[in-house]
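A.B. asks: So the chains spell out like this:
Protein chains: 2
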Amino acid sequence: MSAVNEMADDALAARHRARMLRKKQVVDGKIAAATEDRGVLLVNTGNGKGKSSSAFGMVARALGHDMKVGVVQFIKGAMGTGEERFFRGLPLQDRLQWHVMGEGYTWETQDRPRDIEKAQAAWGVAQRLLADESIGLVVLDELNIALKHRYLDVQDVVRVLLSRPLMQHAVVTGRAAPPELIEAADTVSEIAVLKHAFQSGIRAQKGVEL
Amino acid sequence: MSAVNEMADDALAARHRARMLRKKQVVDGKIAAATEDRGVLLVNTGNGKGKSSSAFGMVARALGHDMKVGVVQFIKGAMGTGEERFFRGLPLQDRLQWHVMGEGYTWETQDRPRDIEKAQAAWGVAQRLLADESIGLVVLDELNIALKHRYLDVQDVVRVLLSRPLMQHAVVTGRAAPPELIEAADTVSEIAVLKHAFQSGIRAQKGVEL
Chain A
-7 MSAVNEMADD
3 ALAARHRARM
13 LRKKQVVDGK
23 IAAATEDRGV
33 LLVNTGNGKG
43 KSSSAFGMVA
53 RALGHDMKVG
63 VVQFIKGAMG
73 TGEERFFRGL
83 PLQDRLQWHV
93 MGEGYTWETQ
103 DRPRDIEKAQ
113 AAWGVAQRLL
123 ADESIGLVVL
133 DELNIALKHR
143 YLDVQDVVRV
153 LLSRPLMQHA
163 VVTGRAAPPE
173 LIEAADTVSE
183 IAVLKHAFQS
193 GIRAQKGVEL
Chain B
-7 MSAVNEMADD
3 ALAARHRARM
13 LRKKQVVDGK
23 IAAATEDRGV
33 LLVNTGNGKG
43 KSSSAFGMVA
53 RALGHDMKVG
63 VVQFIKGAMG
73 TGEERFFRGL
83 PLQDRLQWHV
93 MGEGYTWETQ
103 DRPRDIEKAQ
113 AAWGVAQRLL
123 ADESIGLVVL
133 DELNIALKHR
143 YLDVQDVVRV
153 LLSRPLMQHA
163 VVTGRAAPPE
173 LIEAADTVSE
183 IAVLKHAFQS
193 GIRAQKGVEL
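Line order of the protein sequences matches chains A and B.
This note's numbering puts the first residue of the first sequence at -7, with every later residue one more than the last.
This note's numbering puts the first residue of the second sequence at -7, with every later residue one more than the last.
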């Protein structure tokens, strides 16, 4: 390496070090300011891929911390069959409750009274989980769809979510989260789709969508 | 229920049925048009929460379909410790390779030459996974950060990703995905943070961030 290049590299490394040190100070300051410990209400919404997958990644995370986890799927088939098969096959069934309550997407059924009945039954199970302080994480998969179609009352749902045990985390997924729920949540992620394989003619694949 | 209300309910149900039937036709048409089967390259980017969690939800999904999975973490500590503990504790180690290669965020280390060395070592492991057609899903967690800081050459990374086995899925996570990678990907999700518990003074919680 020439002496000139070596100097340039040294200068680059020094600039990098200074920039990263400033960044570390900012990050450390923010971390020091966050001191409260309590359960978090998360909402994963938007049209992109990953709302449910992200919630199921959190299930893995919570189980890895020896927590108890409850899952309610408001729409059967909304997530892949792989997760259900995987999680239900684990030797952890004493710590994991998995309830599949819905029956297909609403545009598959075209039967509003039946959809309302199913959504209310699922919400009944959800309420039981949201009242059980031994459960560290509750996943309400595709609850937003039930709220969007007004199968459930959003005020009632928000009231129950906010009354859950102090240290319990809850994750609500589904596109079109209602404003009342976003207002009540601690953390809201909106997933946008910039591109989708489906648009190039690739059908749903095992391990990705299924 | 009064007769008036009953009529209103019937009309509502009929409208719902017609709307959902039209939606079903659109969805069914799109499904019929997507006929190709092949591995998908996904990118989870943006500033929001859930990029890595979503990839780990896909790990669960793929394992649930009896696939083999390889994970390379380019930045140690970028994801929670819960997932690693969970997945490494599973009785599935013959089907799951989990490589933690990086050493903390770059603003923690402030040492560019060492970061480059670590990123290149991680990329070496990734290349081996991306050449192994027995592996159905490869997760490259926080690879985008290594690309952003130019620890790796993006052209080289894209070339290797596009040369992987036909049926293999690959997921790349991390904020600030480079345009070359987005161009090469089949599916790109951008996760925006609308709200974060951290901003209200709640620190990182087990089962959520950790």
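Treat the hints loosely; a few may be bogus.
Because identical chains share one entry, a pair is satisfied inside a single copy or across any pair of copies.
Claimed, not checked - In silico lysine-lysine, BS3-like type, Cα no more than 27 Å apart, as pairs: (1) K187 to K198; (2) K15 to K187; (3) K16 to K198; (4) K15 to K60; (5) K187 to K16.
Calculated from the structure, these hints are not laboratory results.
A.B. asks: The structure should be examined with respect to each hint, and the outcome stated for every one.
C.D. replies: Do the hints match the structure? See the list:
1. Taking identical chains as interchangeable, the C-alpha atoms of K187 and K198 lie at most 27 Å apart only when both belong to the same chain, with a minimum of 19 Å there against 32 Å between chains.
2. In this assembly of identical chains, the alpha carbons of K15 and K187 lie at most 27 Å apart only when taken from different copies (21 Å versus 31 Å within one copy).
3. In the homo-oligomer, the alpha carbons of K16 and K198 lie at most 27 Å apart only across protomers (22 Å), although the nearest pairing inside one protomer, at 40 Å, exceeds that limit.
4. In this homomeric assembly, K15 and K60 never come within 27 Å of each other (Cα to Cα): the closest approach is 36 Å inside a single copy and 38 Å across copies.
5. Proximity of K187 and K16 under a CA criterion of 27 Å is satisfied inter-copy only: 22 Å between copies versus 33 Å inside one chain copy.
Of the numbered hints given earlier, the model fails hint 4 alone.
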